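Colleague: Here's the letter readout for the chains.
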Amino acid sequence: MRQLLLFLALVICLALMPLVITKVYVLNLIILICLYTILSHSWNILGGYTGQISLGHSTFFGIGALIFRYLWTLGIPPYLALCGASISSLLLASVIGFPAFKLKGHYFAIGTLALSMIGSITVQNIFPGVSFPPPQFLSKYDLVPIYYMALTVAVITIGLVSFLNRSKLGLAFVCIRDEEDAAESIGINTFKYKVISMTLSALIAGLGGGLFSFYVASYYYYVPFELGWSFDPVLIASIGGAGTVAGPVLGSIVFVILKELFAISLGQMNVLIFGIVFIFTVLFLPKGLIGILEMIQGVKTLRMPLRRGHDPS
Amino acid sequence: MLRFIQILSYGLLNGALYSLVALGLSLVFGVMNYLMVAHGGLIMLAAYTTFWAFFYTHMDPFLFILVVTPLFFIIGWILFKVLFQSLMKFPEGEKIKNSLLISFGLLLIFSNLAILFWTADERAVTTIYSGKVLDVFGVRLPYIGLGGVAIAIIVISALHLFLTRTYFGKAIRAVSLDHEAATLMGINVSKVCLVAFSIGFALAGIPGVITSLHAFNPAISFELTNKALIVLILAGVGSIKGVLIGGFFLGAIEAAGVYLVGTPYREVFGLILFVLILMFRPQGLAGKRA
Amino acid sequence: MLEVHRVDVHYGDIQALWNVSFRVEDGEIVSLIGSNGAGKTTVLKTISGILGLTQGSVMIDGVRSDTIKAYQIVERGVSLVPEGRRLFRDMTVLENLELGGYIGKARPRKDENLKWVFQMFPILDKRVHQLAGTLSGGEQQMLAIARGLMSEPKLLLVDELSLGLAPLIVKHIYMTLKEINRPKNTTILIVEQNVRLALEISDRGYIIENGRITGEGKGSELLRSDKVKSAYLAMG
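Protein chains in written order, with our numbering: chain A, 1008 to 1320; chain B, 16 to 305; chain C, 4 to 239.
Check the hints yourself; a few may be wrong.
What the hints assert, rightly or not - Below 25 Å or equal to it, Euclidean Cα-Cα: the simulated SDA-like pairs (lysine to any residue) are: (1) B:K206 with C:P111; (2) B:K256 with C:R130; (3) B:K112 with A:I1299; (4) B:K104 with C:P111; (5) A:K1175 with A:D1185; (6) A:K1266 with B:F183; (7) B:K112 with A:I1037; (8) B:K110 with A:Y1114; (9) A:K1294 with B:F183; (10) B:K104 with A:E1186; (11) B:K206 with C:R92; (12) B:K112 with A:T1129; (13) B:K206 with C:T70; (14) C:K129 with B:L86; (15) C:K113 with B:K110; (16) B:K104 with A:L1292; (17) B:K110 with A:F1014; (18) B:K104 with C:R130; (19) C:K72 with B:G108; (20) C:K72 with B:F77; (21) B:K206 with C:R130; (22) C:K72 with B:V97; (23) B:K206 with C:G59; (24) A:K1199 with B:L291; (25) B:K96 with C:E203; (26) C:K108 with B:K112; (27) A:K1111 with B:N203; (28) B:K206 with C:K72; (29) B:K112 with A:L1268; (30) B:K104 with A:G1235; (31) B:K112 with A:P1141.
Stated by the list, open to error - Derived coverage of chain B by chain A (criterion: at least 3 residues anywhere in the stretch with Cβ under 8 Å from a Cβ of chain A; other residues may be distant): (32) 93–102; (33) 178–185; (34) 278–287.
FYI, nobody ran anything at the bench for these hints, they're computed from the structure. Note that this is a predicted model, so its numbers are computed, not measured. For each residue, glycine too, the CB sits at the ideal point set by N, CA and C.
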């Protein structure tokens, strides 16, 4: 309860921010943090909660951006276009889900990787040009509505995941992650739930893509399909704490700050550092940064219990 | 017609390289179920190593293979002890998942390190025989490509002999079939995994050297990993012969793609085939287990 | 030569063996009999080092073996023919046998040992270059035992060899086990559900039920005992 109040207080502060702070730099940072939170939570649903390591989220992100741009230039208001974007990602996921989940473990990971590569190359070839926003927006580019959309979508995402965290659906996901065969044997239709997980995950990724498209005025069409958008959420969610609500948020904050710190000097250094921290996390800190916080405070944050290692041999 | 044979020839020459690229990945995956997605990054690093060695010492790349191979073997040994051995304490499912994640992290680290040190600019080692071709009835076969085929044949034959004629090689095959049964033979499975992993690294060095003779940049880490994965799936797990066939097959498929649709879509053909095989025949063209 | 002393074994939180103690002397054939799930395979896995024990000790020739790794126990002269055979199915009969003789001290005598196992199981010689997975059930069991012998063990552990095999073949293999025992004085510990055949060739036997040893005696005694008769031989 206390956490919910804290969270609400934070949201209200953030919502009021544009009225107080006019520095564009700060608003940009927060938008980016929201964007990465959304994207990494989308991976988190499939990877952190359901245990299916996907390396193909750039496709859902990209489709979201593509459809959003398209609908927006047709004159459809942004929030509706956003819905359209997420629905299209959702549809794509439900179609892909069926063949995709024939694959387990490693094969799923490389199958999704192949998917994102196919997406990337195809878009590069079909739409080689630059994507522009509707002309009227180009002239009066205003950060504030973008800021509010970012905040809204981020809050919705976090809300969805915390709902998942306490729901039977979420429990089914975690069962599949921890012990798929056991889950199957107690009557959980693992295939069905995996598809649901992927669909939800894609829905959120599509929202993220739409937000991206709303935020970044012009970009090459293939940019939201780039593999980085597949990899960054894996890093962020894992380091922050996969399978938690606060993990991806924390991870995104750190990621964006590092990115800013190094953008001036060394380009992709943030990915390099994250890569190293990531490996360290996998080996020694399976619960991510959230795990460290928990240890310090002795507090159980908004999470489902992660499995304890249990090896019968 | 000539154009078709020309394109096919290029495809097959590439195919030899693809086989080499996938060899290390296939070995390690077969033995311990670790999918080393960082393999492409290793090959890229080997290419840079060759490039700088050539830059400073003018050592011929093909000769440099003799240096790179033991060097990468040692690097693999160290990396396994430092990173992957601590995974042994996890239960099997977690172990596999974590090895994938660590390897993934390594891939990102390698490619970003390369960008950091050497920028994203394209490099290539240019020797006196770069660009020279052998003309066979009007079909142009680059010497470098032919060299690649020769190396592929030598390496794969050597590996095959090692795995079928030596005790340790047979131990490696036994471990990739059944860890527990191998232990019951008195085989130290951990040691076998360590050595196999190191061989996998060494096997990344060789295609790396050949890659350095073409234009390359840090981004090829991902492309090469991609190729390796495709060949792995085409070949099926646990089959060296399959890797050879798979490599050439991929080369041929890509050639078909270029011939039919044009160069930009070359990769897509291979990728779609990849996804199809993943779904309908995961044991690959030559392999026996899914 | 084998002494199992007050051993407890757990699978995670679940206990599988309670205070198990028994011994096998040099050159004996001893059977460990019990029904499904009684813990027989667990015992053999613990002796061969695949499973760790949580209490107690295992000693081979007076030296503790539960503290060393499984592959090192093979070097100490213990060879397990596992349940389900666990052959290297994609490798040939010959390669399986060669791997059986992997340990350093057995390698110099590989050819002699091959000759010996081919003498005992001539069919393996006929199929020497065939893939192990293509052999029939009985042939696979013979190969598994032959493979286990290639390391020149002092103690051979045989887990449930009769599973899935026709009775005549099982009888033949049991007769062959006796031949293995006599000339080379190889100690054999057999684990079986098929109680009669095992006890018929055994010097002594132990009964295990629900992870505990509940009886012991000479092979012939146990065969005649009422308890064994009613529980395992479906008589009386």
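Colleague: Run every hint past the structure and note whether it holds.
Modeller: Hint by hint, here is what the structure shows:
1. B:K206 with C:P111: holds (22 Å)
2. B:K256 with C:R130: With a Cα-Cα distance of about 24 Å, the restraint between B:K256 and C:R130 holds, given a limit of 25 Å.
3. B:K112 with A:I1299: Since the Cα atoms of B:K112 and A:I1299 sit roughly 22 Å apart, the hinted pair holds (cutoff 25 Å).
4. B:K104 with C:P111: violated (36 Å)
5. A:K1175 with A:D1185: holds (15 Å)
6. A:K1266 with B:F183: Cα-Cα ~48 Å, so violated.
7. B:K112 with A:I1037: violated (32 Å)
8. B:K110 with A:Y1114: Status holds; Cα separation ~15 Å.
9. A:K1294 with B:F183: This hinted pair is violated, its Cα atoms lying about 39 Å apart.
10. B:K104 with A:E1186: Measuring from Cα to Cα gives roughly 18 Å; hence the hint holds.
11. B:K206 with C:R92: Status holds; Cα separation ~23 Å.
12. B:K112 with A:T1129: violated (29 Å)
13. B:K206 with C:T70: Cα-Cα ~19 Å, so holds.
14. C:K129 with B:L86: Outside the cut-off at roughly 45 Å; violated.
15. C:K113 with B:K110: violated (37 Å)
16. B:K104 with A:L1292: Measuring from Cα to Cα gives roughly 14 Å; hence the hint holds.
17. B:K110 with A:F1014: Roughly 36 Å separates the two Cα atoms, so the pair is violated.
18. B:K104 with C:R130: violated (40 Å)
19. C:K72 with B:G108: holds (23 Å)
20. C:K72 with B:F77: It is violated: about 43 Å lies between the C-alpha atoms, which goes past 25 Å.
21. B:K206 with C:R130: Distance ~32 Å between B:K206 and C:R130 Cα, so the pair is violated.
22. C:K72 with B:V97: holds (22 Å)
23. B:K206 with C:G59: Violated. B:K206 to C:G59 sits at ~29 Å, over the 25 Å cutoff.
24. A:K1199 with B:L291: holds (22 Å)
25. B:K96 with C:E203: It is violated: about 51 Å lies between the C-alpha atoms, which goes past 25 Å.
26. C:K108 with B:K112: violated (38 Å)
27. A:K1111 with B:N203: violated (29 Å)
28. B:K206 with C:K72: holds (12 Å)
29. B:K112 with A:L1268: violated (32 Å)
30. B:K104 with A:G1235: The hint is violated at about 31 Å.
31. B:K112 with A:P1141: Distance of about 44 Å is beyond 25 Å: violated.
32. 93–102: holds (count 3)
33. 178–185: It is violated, with 0 qualifying residues against the three required.
34. 278–287: holds (count 6)
In the structure shown, a violation is registered for the earlier hints numbered 4, 6, 7, 9, 12, 14, 15, 17, 18, 20, 21, 23, 25, 26, 27, 29, 30, 31, 33, in ascending order.
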